[in-house]
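Those sequence lines, one after another, are chains W and P. Take the first sequence: its position 6, counting from 1, is numbered 6 in the working numbering, and each next residue is one higher. Take the second sequence: its position 14, counting from 1, is numbered 14 in the working numbering, and each next residue is one higher.
Rather than coming from a laboratory, the hints here were simulated on the basis of the structure. Among these hints, one or two may not hold up.
What the hints assert, rightly or not - A short list of chain W residues far from chain P (calculated; beta carbon distances all over 12 Å): (1) A9; (2) T14; (3) G62; (4) G68; (5) I70; (6) G86; (7) P87; (8) D93; (9) L94; (10) A95; (11) E119; (12) R131.
Said to hold, decoys possible - Label-pair ranges, simulated between beta-carbon atoms: (13) W:D118 - P:R3: 33 to 41 Å; (14) P:Q30 - W:E19: 12 to 20 Å; (15) W:L92 - P:V72: 31 to 39 Å; (16) W:N128 - P:D74: 48 to 56 Å; (17) W:S38 - P:I9: 33 to 41 Å; (18) W:R74 - P:Q18: 33 to 41 Å.
Virtual Cβ for every residue (Gly too), placed ideally from N, Cα, C.
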Amino acid sequence: MTAGLDLGAPQVVTISADEDVVRVRQLVRAIAVAVKLSLVDQTKLVTAASELARNTLVYGGGGSAEVGVIDGARRRGIRIVFADEGPGIADLDLALTDGYTTGGGLGLGLSGARRLVDEFDIDTAAGNGTRITVTKWARSA
Amino acid sequence: MERVPVLKIGDILLVSIQVDMQDQTALALQEDLADRIVATGCHGVIIDITALDIVDSFVGRMLSTIASISRVLDSETVVVGMRPAVAITLVELGLSLEGIRTALNVERGMELLAQARVDESDGFGHHLDDWSIPTDGPAPATP
Numbered sequence: 001m002t003a004g005l006d007l008g009a010p011q012v013v014t015i016s017a018d019e020d021v022v023r024v025r026q027l028v029r030a031i032a033v034a035v036k037l038s039l040v041d042q043t044k045l046v047t048a049a050s051e052l053a054r055n056t057l058v059y060g061g062g063g064s065a066e067v068g069v070i071d072g073a074r075r076r077g078i079r080i081v082f083a084d085e086g087p088g089i090a091d092l093d094l095a096l097t098d099g100y101t102t103g104g105g106l107g108l109g110l111s112g113a114r115r116l117v118d119e120f121d122i123d124t125a126a127g128n129g130t131r132i133t134v135t136k137w138a139r140s141a
Numbered sequence: 001m002e003r004v005p006v007l008k009i010g011d012i013l014l015v016s017i018q019v020d021m022q023d024q025t026a027l028a029l030q031e032d033l034a035d036r037i038v039a040t041g042c043h044g045v046i047i048d049i050t051a052l053d054i055v056d057s058f059v060g061r062m063l064s065t066i067a068s069i070s071r072v073l074d075s076e077t078v079v080v081g082m083r084p085a086v087a088i089t090l091v092e093l094g095l096s097l098e099g100i101r102t103a104l105n106v107e108r109g110m111e112l113l114a115q116a117r118v119d120e121s122d123g124f125g126h127h128l129d130d131w132s133i134p135t136d137g138p139a140p141a142t143p
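Next comes chain P alone, as it looks inside the complex (with noise of 0.2 Å):
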């Protein structure tokens, strides 16, 4: 089985997914990445996806996932580089992404978390979780 390596980038842990995974691979990441915030004391987290062809429900529940184990360990997870066409399957396929940000590239990513953390020690620090894709009812209006 192949692990998808994680990379430590100043205060943030970058992972760019660049295989197809199988399960197991997906799973193991989790655990990777659970041990590596707790190791490193990073407050952000990137996943690049940009190499992704498909996301289908099981890795779409792996970033979900991914994204409430760093928020329970005082980090928060970006998504970053998502093809559209995955986009588009992703919606059609019923997936909410719940509670994930994600943003076009690797760049706005780290922007993102580096406003949180801003945002975070002015004591706005939950602003962010505003843009979180609620599971149903319907979509939030455009601010």
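If we strip away everything but chain W, and leave its shape as in the complex, we get (with noise of 0.2 Å):
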């Protein structure tokens, strides 16, 4: 998979269904071992574009992911925009609270997410979709 990776551009997963999780996974796994992070960092950042990408799929019924290269002055990273159409997040700080859910599951996935990455933001309104972007930098040139 990592064979013939392109970093120059953005690659982008449409997310639709369970397996689309799964892809987003290894895409990012992918250009994060190219981007050199270290073994935690790519643990760390799979497991929140797991998290928000699960969330595109159940809570905004499906959307993309857009997974790019960013260089920094000096360093590299990874940045992921994950985006839908759905009834977005009416109260944010609740949605970011550890534990609250409106779908039955711990409540972790927005809020533990963003304790994972470098840089979290958030763009929503009721009715206007999510528009999610995580950061995750390498830690030395």
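Assembly of the complex is requested from the two constituent chains, each provided in isolation within its own frame, with the hints serving as guidance.
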């Protein structure tokens, strides 16, 4: 899967079924290895991506994940954008609280994913879908 | 959808998860295991996650649920082979793996289950429960 991986342009995975969550994990893993994230950071990012991809499917009714490499001043990182056209999140503070869930899960997906990445940005409103951008930086150049 | 095989070894059911599981695969495993525990009368389940490079909240919940189901069916569950990076990530994610026993490898898992059976027949069957991780509050004091 790593062979022939094009790091130049962001890659988009459509999330519309269970197996797409697996595809997002595998793509994020491959790019995290290519960008030389440490093993722990790879694991954290892939875990966060798994949570957010599942949210996109379950709560957003499907959407997409766009995975790309970004170059900072002295380091490289991975940026993933999860987007859906679902119902959006009405109360963001509540949704980011550990243990809060509307879907019968553990309520750790959103809050836990935020702890596992370096940058976490969420753009959502009731009725307007959700767009979550996460970034993880390689520790050294 | 792939299915995770459940192997019977003596009095123990061994599940070695070798695939990147879809959520449906994880749910099917719960049902398969419950059926096999009842069909075989096994008193121990070992789930080997050596090959898993992540455990997210869904898989974590599956492990907790399997442990609870098997306990109700008079069987104990031990999760073995967790990678260090997975353990670090789980803790940061906030997952406590409530009520799950762990061992570093299959061999130690089998020892733990054998010991649990001995203690149970001695009337100390619940001593291992002291090792379960609480969902909140401070960590238990190290003995």
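Checked hints:
1. A9: Holds, since 25 Å exceeds 12 Å.
2. T14: At about 16 Å from chain P, W:T14 clears the 12 Å cut-off, so the statement holds.
3. G62: Holds, because the least Cβ-Cβ distance between W:G62 and chain P comes to about 14 Å, which exceeds 12 Å.
4. G68: 21 Å, holds
5. I70: For W:I70, whose nearest Cβ neighbour in chain P is about 22 Å away, the distance exceeds 12 Å, so it holds.
6. G86: It holds; W:G86 is separated from chain P by about 18 Å at its closest Cβ, greater than 12 Å.
7. P87: Per Cβ check, W:P87 is outside 12 Å of chain P; nearest 21 Å; holds.
8. D93: With a cut-off of 12 Å, W:D93 remains clear of chain P, as the shortest Cβ separation is near 17 Å.
9. L94: Consistent with the label, W:L94 stays out of reach of chain P, its closest Cβ about 16 Å off (over 12 Å).
10. A95: 14 Å, holds
11. E119: 16 Å, holds
12. R131: The claim stands: W:R131 keeps its Cβ more than 12 Å from every Cβ of chain P (closest is about 21 Å).
13. W:D118 - P:R3: 33 to 41 Å: At roughly 37 Å between Cβ atoms, P:R3 and W:D118 fall inside 33 to 41 Å, so the hint holds.
14. P:Q30 - W:E19: 12 to 20 Å: For P:Q30 and W:E19 the Cβ distance comes to about 19 Å; the hint holds.
15. W:L92 - P:V72: 31 to 39 Å: 38 Å, holds
16. W:N128 - P:D74: 48 to 56 Å: 51 Å, holds
17. W:S38 - P:I9: 33 to 41 Å: 36 Å, holds
18. W:R74 - P:Q18: 33 to 41 Å: 39 Å, holds
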